[in-house]
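Required output: the full structure, derived from the provided sequences and hints.
Number of protein chains: 2
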Amino acid sequence: MNKVIEKTTIIGKRVTKLDAPDKATARTRYINDLVLPRMLYAKILRTDRVHAKILSIDTSGARALAGVHAVITASDAPDGKIGVLRDNPPLKGDKVRCIRDEIAAVAADTEEICDAALRLIKVEYEDLPTVFDCTEALSEGAPIIDEDRPDNIAMQQYFEHGDIGSAEDDSDFVVEGEYNVHYVTHCNMGVSCSLADYDMDGRVTIYTQTQYPFNVKMDIAPSLGAHPGDVRIIQPPIGGAFGSKLDVYPYEPICAILAKKTRRPVKLIFSREEEFVASPTRQPVEFNIRAGMKKDGTLTFRDVDCLLNNGGYTSWGATTPYVSMRTVTSHYTVPNVRYRARAVYTNNPFAGSFRGYGNVQATWAIETHMDRMAEVAGLDPIAFRIKNANYPGEITPQAANLGRVDHVGCILQAADKSDFLDKWHDCKARQAENTRYKRGIGIATSLHNAGGAKIHKSDGCGTMLKMDDYARVTVITGASEIGQGSDTVIAQFVAEELGVPMRDITIINNDSATSPWDVGVHASRTTYIAGNSAKRVARKARERILRAAASYSNVMMENLDLRAGYVVQADDGVVIMPLDKILRQMHFAGEDAELVMETDYYEPPSEPEDENHVGDMSAAYSHAAHVAEIVVDTKLGTIKVEKVWSAQDVGRVVNLTGLEGQIEGGIAFGLGYALSEDLKIVEGKVANPSFRDYHVMTAPQIPEFDLTFLETDDGEGPAGAKGIAELPTIVIAPAIGNALYNATGIRIHHPPMTPEKVARAIAESNAAQDNAKGRTDERG
Amino acid sequence: MNKVIEKTTIIGKRVTKLDAPDKATARTRYINDLVLPRMLYAKILRTDRVHAKILSIDTSGARALAGVHAVITASDAPDGKIGVLRDNPPLKGDKVRCIRDEIAAVAADTEEICDAALRLIKVEYEDLPTVFDCTEALSEGAPIIDEDRPDNIAMQQYFEHGDIGSAEDDSDFVVEGEYNVHYVTHCNMGVSCSLADYDMDGRVTIYTQTQYPFNVKMDIAPSLGAHPGDVRIIQPPIGGAFGSKLDVYPYEPICAILAKKTRRPVKLIFSREEEFVASPTRQPVEFNIRAGMKKDGTLTFRDVDCLLNNGGYTSWGATTPYVSMRTVTSHYTVPNVRYRARAVYTNNPFAGSFRGYGNVQATWAIETHMDRMAEVAGLDPIAFRIKNANYPGEITPQAANLGRVDHVGCILQAADKSDFLDKWHDCKARQAENTRYKRGIGIATSLHNAGGAKIHKSDGCGTMLKMDDYARVTVITGASEIGQGSDTVIAQFVAEELGVPMRDITIINNDSATSPWDVGVHASRTTYIAGNSAKRVARKARERILRAAASYSNVMMENLDLRAGYVVQADDGVVIMPLDKILRQMHFAGEDAELVMETDYYEPPSEPEDENHVGDMSAAYSHAAHVAEIVVDTKLGTIKVEKVWSAQDVGRVVNLTGLEGQIEGGIAFGLGYALSEDLKIVEGKVANPSFRDYHVMTAPQIPEFDLTFLETDDGEGPAGAKGIAELPTIVIAPAIGNALYNATGIRIHHPPMTPEKVARAIAESNAAQDNAKGRTDERG
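One line per chain: the protein sequences are F and S, in this order.
Residue 628 in this note's numbering sits at position 628 of the first sequence; the count goes up by one each step and never skips.
Take any residue in the second sequence, note its place counting from 1, add 1000, and you have its number in this note's numbering.
Since the hints were derived computationally from the structure, they do not count as laboratory data.
Take the hints with a grain of salt, since some may be wrong.
Said to hold, decoys possible - Pairs of lysine-lysine residues, derived as BS3-like cross-links and limited to a Cα-Cα distance of at most 30 Å, are as follows:
hint : chain 1 : residue 1 : chain 2 : residue 2
1    : F       : Lys23     : S       : Lys1261
2    : F       : Lys581    : S       : Lys1457
3    : F       : Lys581    : S       : Lys1540
4    : S       : Lys1081   : F       : Lys581
5    : F       : Lys3      : S       : Lys1457
6    : F       : Lys457    : S       : Lys1003
7    : S       : Lys1023   : S       : Lys1013
8    : F       : Lys417    : F       : Lys13
9    : F       : Lys95     : F       : Lys685
10   : F       : Lys540    : S       : Lys1295
11   : S       : Lys1581   : S       : Lys1643
12   : F       : Lys680    : F       : Lys643
13   : F       : Lys457    : S       : Lys1095
14   : F       : Lys81     : S       : Lys1581
15   : S       : Lys1581   : F       : Lys540
16   : S       : Lys1680   : F       : Lys540
17   : F       : Lys540    : F       : Lys457
18   : S       : Lys1294   : S       : Lys1081
19   : S       : Lys1023   : F       : Lys261
20   : S       : Lys1417   : F       : Lys457
21   : S       : Lys1680   : S       : Lys1095
22   : S       : Lys1423   : S       : Lys1081
23   : S       : Lys1417   : S       : Lys1643
24   : F       : Lys757    : F       : Lys428
Set out below in structure tokens:
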């Protein structure tokens, strides 16, 4: 009897991440493990001032130390600056603008010699007046941080749609609110590290943790006085990135300049304290929101103004308002919107990009505000949100076509599964009870791009694929694996097309010389865009193989399929020949010999925003709704998150295990943002640069999860999938804030909701009630 | 005025080898420099017997030593054997067959601990009768080396064409001769080294110095009990290979087995003495030649029988008669030929493949014999060779179509430039003079395949190419750079097609997971076959770019060219746009976006030999002629080679610098073979395992060179080029032997022509002449 293989699919299954076994068994070779022949180590001397003129730098002592190979200052560096506005010289020669500013750097035989050399460098400063607050920095006569921008505005955005004035006139209710969010930092387990190696012809290879190996060439080149084509970027396995590696930071050119000067490979690794002080932050934002509605709760307008504390230099943090803007204008159907954002220079540490990218901040503000509006409208949180929910095919004020979204479905799934309304009403009714522990439930939802974001000239990804004589597949992708599981998902799409087991697929990436272009890991784009390219390249290989198999087998190509390592008849699954056999026949066909090698470049059908911020910049959009059930210890102010229900539109589940991991991980990050993480900047200095004083969520604090995946089957996404990575981080914090209000009647506008802050708010509220009661008593 | 760029070419120019700067400045990262996390070191315990039963192996002491992680013997190894006949178990369990046989191996924290552990292993043997001579090994009752082949014949070849009997009857002269060649070893500057690393799913990555990364997967897999698809081969930069790395040797599976057992990466490096004892040899061959001719010198037949001393196991050395056969049957036009070869097991070290691959040995025999025949015919060496030279389009007895060869041209160029005939007659005339220093001149020629050799099912090479936004080119080739300069030549072909500078091209190779298939570095094939594939893939990229440029510029594609980084009008060289600009336009074209990524697989139009050894197995053939002028110190027996004239049919010069380097290097190797290199095997043991006692040519011994390149413009070769690597090694030794005869009348049949051997032959000859003279005197 003929062997028969049924059709199966690997899409939507539980798949072990390809990098998991190596990471679990300490086999992964991080950048820290890399050693090149004759390699030196480097360290940076940072300033301890936040705004000061540099009068002199004396490096003579350091230069004289045995084992030191180079000491560099600004005078050794090319003129080119880094950062989004090219306002950041890797080494500071004239003045320092914030703590951690780079003054000098040393390359030596060991890190210990580097440290000793740094202690021998003498710097004379003249302190300058400082400013740390946005409003103060914008006021007349404020100290100027960047001389090229004397108004202290690093970047600003403005958008208007409809008629706010008329809309306000037509509104039955207008609700105002101020929502300020705070500093957090990435806390990657792998500290920043770079290894640079110049060849004899002026080309440099930089091993670094970047998330965007192809564009980093362009961004770093001026600071090296190099042509971008002469920069090769290799991205070894990364101990976390989350947006922190989407820009060039001073240590990277510094490391390369030292390598060039010493003509030896140089490696530079941050200490943990340095990582807290000198890696990019998610910056504070002050949101001022006014929003109107009809009596029935229908939104009429939103008018938002926000100030971002940019710090001393401009990295991608200043561009996050582009994403916040979309939340303000498009999350829920709002006919009239106005948005203004200004990123303001101060003497604080500067802000970079961060998972959720502006949407974490905006969704905190919008979803807290929405909860307040629901109450004003006399609607429960579910009814109010459904009334205003986005709908499939909606064209937003910025001209995003939301396509196959299911905002209502997300809200209903999260609400139904959590028994939201019963609990919400119950908890609300018990608010007044005099109990220490109070239970509450809250909901929030979010909208995010889920098909990339065309913020560069291309949002595409290239892929090359080859198969060998044993039906082993190599995929050379532009996509970067930064721990998010992209290699695994890419391999799944290839496995699906070619009918090969996952273990027979090798993903090659992370070397700009080897891989075709990709814009980088950001905007939840990799599954969607690299996945599409991988699927397309595998489809081409599949067709080539089936064409050959048809010729060898005399079965029509249309009735052939690839399953489990075999060519089979598609209709009945009867095996025709092993896959490796047809590949060898193709290879060994003499003058007709062919190897299966295919290429593909996928550019999503999105468009850049125009100068008025109008444009459908993502190929897909999606929503998530989170419900959080919490218990508040009203005495200690602690919030215990008991369970989180997440309903997210994922388009299509690709790797169930990876999807759960990303959503749970994202929620854990969001919980830290909501409850405990707080990078304390005091007079421009980081007051808590350690895990002892900066509190990330730890395992015992993680709640029970109930995850629901809505499969809306995106028309363009690979197998219908959408990008999913950022939403979970974005939406959890306001759900908890709303639950806190449900439990206690306390509304906190400014996260994190730390025990101290919660306890104080409850105490103040109780005191106010007591006073009110007292007054009543007096009146009575 | 418009910028104009003239058409130029990089083909035939002097190009610095791409790997030269790194090698000259100690930046190259050889396998020895590789360190993986948690890596262990390994050493092998070798036998000191040449034929013995293994009675017991006691590893308990070694296992107990601190720092030892594993000790393995045959019982720890899978059953699979390695070698061409799969006759070589990586670890020997039953008996040892030659010196260096692997008994046990240790993995430990350091090499020092490995050494200490090896000293603690106790082995008991029972010696067996030995045999070292081929004829003895073939005789009745000889000790049996390999129980599966009791006749001691490892491999044999037989070919016959025409009618030897009739030809002999028709011959005016028949000349016989016996020519025995000796053991030499490779003497790579980089000693053998392997690093193996298993992943958690049973796949192994082996970093090794192989010349054939794709087929080594198949060859090594059984000895690891693995599927070939689960073996990934990475070939780091190599300190010389020259054919020595065309097989799997016991240390490679041993290293991998230790890695599997310890679950850690393991590195194994030979000592220099080990390299002399345990790396493959070029084996001794005993040639018996009978050849006939007409009075006018026209060859009538050749009848050759040869015995190869195979040693204890069978590597590729046993297959070298396939190449020797071609020299016997096809070098010079010979109508009737017979060839028989037998590789005979002995208790000597075993023979591998070696630059020149059987042709070094055969050409020594044939060209010494030809020189003798010329004398018998009464013709000078030039006239005799020209009379019998191969001609263009000749179809040889084995059905090779010699195509565009120029045998006569090579002979005439070498002879003319060296003023051969005048010198030859003059030296001959002075032979009888009673002077200590005698001058001589000799010539030899050779025929070799110059377009690959289809000895596997495919002789092809795959290439992938991508270009980035800066017009930098990456070429992912199957070809292996082993120091021969292939990367440079490949880059030249790409530079030529794309009009980009050499420094803008990065070659990626040497990782079987990344690169498309290639059969490996052998048979002087890489420039021809990988070069063709590189040229073709670049041509595809060129066409894609010109198509886009035509569309953007409204100039017809046929009138566009790529020169010096620009798109220009082909007819007048007027610049249209920079190359990087058109690439960015293509990339940023929105929905029409394309990256330049191309693939190609080139299979040469050659055919495998059939079972009768008939087949045109190379896509091209070529000749070289060497003239050597020497001075012999008749007292000390030293031969000083003053100058070598080489005339070689190279098809077309590609890299003039690299070509000169390969030819001069090849001649230097050939000089060592002719004059000094001699691996002394005494009772199966290597008597001179060091550079003190084994003499390679050193710089002061290298003669003046006069190189002539005949450009026959091969129709199929890239830019007309042919493979050139092996010919120079092949042809120099008999030229020197013939010069020695011209100088002294002494004919040495068995190289090397060491001072001892030459002085003794001269002394014996003088004594014979004295005796003869004495007799004459007596008679007189």
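Hints and how they fare:
1. Lys23/F <-> Lys1261/S: holds (20 Å)
2. Lys581/F <-> Lys1457/S: holds (14 Å)
3. Lys581/F <-> Lys1540/S: holds (29 Å)
4. Lys1081/S <-> Lys581/F: Roughly 24 Å separates the two Cα atoms, so the pair holds.
5. Lys3/F <-> Lys1457/S: holds (29 Å)
6. Lys457/F <-> Lys1003/S: OK: Lys457/F and Lys1003/S at ~29 Å, within 30 Å.
7. Lys1023/S <-> Lys1013/S: holds (22 Å)
8. Lys417/F <-> Lys13/F: Answer holds: Lys417/F to Lys13/F is near 23 Å, not above 30 Å.
9. Lys95/F <-> Lys685/F: Roughly 17 Å separates the two Cα atoms, so the pair holds.
10. Lys540/F <-> Lys1295/S: Since the Cα atoms of Lys540/F and Lys1295/S sit roughly 67 Å apart, the hinted pair is violated (cutoff 30 Å).
11. Lys1581/S <-> Lys1643/S: violated (52 Å)
12. Lys680/F <-> Lys643/F: Satisfied, since the Cα-Cα distance of roughly 29 Å is no more than 30 Å.
13. Lys457/F <-> Lys1095/S: violated (69 Å)
14. Lys81/F <-> Lys1581/S: Holds, at about 24 Å.
15. Lys1581/S <-> Lys540/F: holds (29 Å)
16. Lys1680/S <-> Lys540/F: violated (58 Å)
17. Lys540/F <-> Lys457/F: holds (26 Å)
18. Lys1294/S <-> Lys1081/S: violated (51 Å)
19. Lys1023/S <-> Lys261/F: holds (20 Å)
20. Lys1417/S <-> Lys457/F: Not OK: Lys1417/S and Lys457/F at ~62 Å, beyond 30 Å, violated.
21. Lys1680/S <-> Lys1095/S: Status holds; Cα separation ~24 Å.
22. Lys1423/S <-> Lys1081/S: At roughly 55 Å apart (the allowed maximum being 30 Å), Lys1081/S and Lys1423/S break the hint.
23. Lys1417/S <-> Lys1643/S: holds (11 Å)
24. Lys757/F <-> Lys428/F: holds (21 Å)
Hints 10, 11, 13, 16, 18, 20, 22 from the list above are not met by this structure, while the remaining hints are.
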